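Protein sequence lines, in the order shown, are assigned to chains E and B.
Counting from 840, one number per residue, gives the positions in the first sequence under my numbering.
Counting from 82, one number per residue, gives the positions in the second sequence under my numbering.
Derived from the structure by calculation, the hints contain no laboratory data.
A few of these clues could be false.
[Stated by the list, open to error] If you want the ones that stay clear, here's a sample from chain B, every Cβ over 10 Å from chain E, calculated:
(1) T89
(2) G96
(3) G123
(4) T126
(5) E136
(6) L139
(7) V209
(8) W211
(9) E247
(10) E248
(11) T259
(12) G274
(13) T282
(14) G296
[What the hints assert, rightly or not] Covered stretches of chain B (in silico footprint by chain E; criterion: 3 or more residues with CB under 8 Å from a CB of chain E, positions within the stretch not fixed):
(15) 100-114
(16) 147-154
Every value quoted in this text rests on a predicted model; they were computed, and no experiment measured them.
Think of the CB as a built atom: it goes at the ideal place given N, C-alpha and C, for glycine as much as any other residue.
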Amino acid sequence: MRLVIALPYVWLATFFLLPFALVLAIAFGTNNPDAVPPIDLGVSLKNFTLLFTDDLYLAAWLGSLRIAATSTFVTLLLGYPMAYAIARARPSVRPLLLMAVILPFWTSFLIRVYAWMGLLASNGILNQFLRGTGLVADPGTILGTEWAIHLGIVYAYLPFMVLPLYASLEKLDTSLLEAAADLGASPIVAFLTVTLPQSLPGIVAGCLLVLIPAVGEFVIPDLLGGTNTLMIGKVLWDEFFLNSDWPLASAVAICLLILLVGPIALFQRQQAKNLERQ
Amino acid sequence: MTGRARFTYTVLAFGYAFLYLPIALVILYSFNESRLVTVWAGFSTKWWSALFANEAMLSAAWLSLRIALVSATVAAVIGLAAGYALARVPRFFGRTLFGSLVIAPMVMPEVVMGISMLLLFVGADQIVGWPNRGFLTIAIAHITFSIAFVAVVVQARLADFDRSLEEAAMDLGATPWTTFRTITLPLIAPAVGSGWLLAFTLSLDDLILTQFVAGAQSETLPMRVYSSVRLGVDPQINALATIIVVIAACALIFSAWLTRRKA
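Okay, chain E solo, but in the shape it has when bound (with noise of 0.2 Å):
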């Protein structure tokens, strides 16, 4: 039974904890191009301070804040009628439409945002459609804009929003509904009075599980977006690959953890609590 607690725990502290306790002394150090790896350890705030004070970077942690934060709000407007259409739907065909939201989620999510690089070109799939139906004349470019990088996180983070919210809209006692209906509740105020407040844990769990990882994505802001666009992740990532910056590319890891330590906490806790429920 020990070794049973024990793998997983000395597994999970090594190759999880211990790297955490680096980054944050690295992010302490300073950069030396010169060194094998290029760090010199210290006690230096020189990074924290650049983070908070250099324009770029402000631009970057705000812009991830504002663009994650519209598009979990987007997902959710369309991964809530969907979960409830599938939860309201024949039991027999439910795992069926089910499944048909898991599909893309197992395939390539590199393949997922790729998709959308061949819509949304100049002269892309996309504006083809437009001038050819003669809808739109002269249709901008969508690919290298915010628009495209909300559309990408919409579109690939949409599983993660429909599924916690079905499993709360499917325990949903209908006989409450139909109580609040011959008690004289439109079925506006009823979704609003019954429906609304049960799904609660599904909407606050599916809403992080996209904001979450939305917060500090790499590949759909260097994919779809354009230079102008900054978002944190790939600030890290040009910090890391392209400056070698280490240090200073711990110090955002650092700052992008703290930022989330509050969802991620709150994430847990509903994990927990759904656990002990079942």
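Fit chain B to the known structure of chain E by using the hints.
Only chain B this time, still in chain E's reference frame:
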């Protein structure tokens, strides 16, 4: 048709069109004669032949497959242990920390995990001259984030089923290990199986973590695809995408069949 049914159909039609239309177009354009994604120039399988003659792509795919096999298998074992501990051991030292450690990799931004694991490997290499970055470091990274997914599936399955069978076996004198082997494991095998598949898929698909820990010598399939699509649309990637979608569909159907059989 009632108003409600019409609402349901409209929502589902729109939602699934949004999910599948981009994928369908990627598949369609893998058979396009022209290199340009904008022009349909007739049916051709030349991008498919080019893909199967692309040595760099093939060796990257082979490396990815081997890493996925190893990391999914190790993650299934460790994840099974973690899920079992969380579901069946109510009290042990540092249980709260343990629970957080198991779930946290699911929601940790990948860039953060990537840089932290790389620093660990570089540090270890400086001090003890090991490990060299490549197959081993990529596998370790993939195992670390896959454990969570196996553990959650196993834990949910264990929380679901009747403990009286396990208790009966123990009452009849079976050791905990025998009970686990003959009662618990067969009951949760489907969960471990779908956890393994999930870990396998996640490993095959991972780009960010891999890019950090891979070193200069190794290139996995997502790394190869990424460096190719950065330069723009490439019909060979469309052909590859088609293969991935077909395999994913088969894996999902197989996994659904596994779960269905248990029920």
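(request) Determine whether the non-interface label on G274(B) survives the test: each CB of chain E must be over 10 Å from its CB. (result) holds (15 Å)
(message) Checking a non-interface call: every C-beta of chain E should be farther than 10 Å from the C-beta of T126(B). Is that right?
(response) holds (19 Å)
(message) According to the definition I'm using, a residue is off the interface if its beta carbon is farther than 10 Å from all beta carbons of the partner; does E248(B) meet that for chain E?
(response) E248(B) is indeed farther than 10 Å from all Cβ atoms of chain E, at 16 Å.
(message) Checking a non-interface call: every C-beta of chain E should be farther than 10 Å from the C-beta of G123(B). Is that right?
(response) G123(B) clear of chain E: closest Cβ-Cβ about 17 Å, beyond 10 Å.
(request) Confirm or reject the statement that W211(B) sits farther than 10 Å, beta carbon to beta carbon, from all of chain E. (result) holds (14 Å)
(request) Could you let me know if the closest chain E CB is still more than 10 Å away from the CB of L139(B)? (result) Its Cβ never comes within 10 Å of chain E, the nearest being 17 Å, so this holds.
(request) Evaluate the condition: distance from the CB of G296(B) to the nearest CB of chain E exceeds 10 Å. (result) holds (13 Å)
(message) So is the region 147-154 of chain B in contact with chain E by the C-beta rule, three or more residues under 8 Å, or is the coverage claim wrong?
(response) violated (count 0)
(message) For E247(B), is the shortest CB-to-CB distance to chain E above 10 Å, so the non-interface label stands?
(response) holds (14 Å)
(request) Quick one: work out the minimum CB distance from T259(B) to chain E and report holds if it exceeds 10 Å, violated otherwise. (result) About 14 Å separates T259(B) from the closest Cβ of chain E, which puts it past 10 Å; holds.
(message) Does E136(B) clear chain E by more than 10 Å, comparing its Cβ with all Cβ atoms of that chain?
(response) Fine: 20 Å to the nearest Cβ keeps E136(B) off the interface.
(message) Can you tell me if the region 100-114 of chain B counts as covered by chain E, using C-beta to C-beta distances under 8 Å and a minimum of three residues?
(response) holds (count 7)
The structure fails hints 1, 2, 13 and 16 (numbered hints given earlier, in ascending order).
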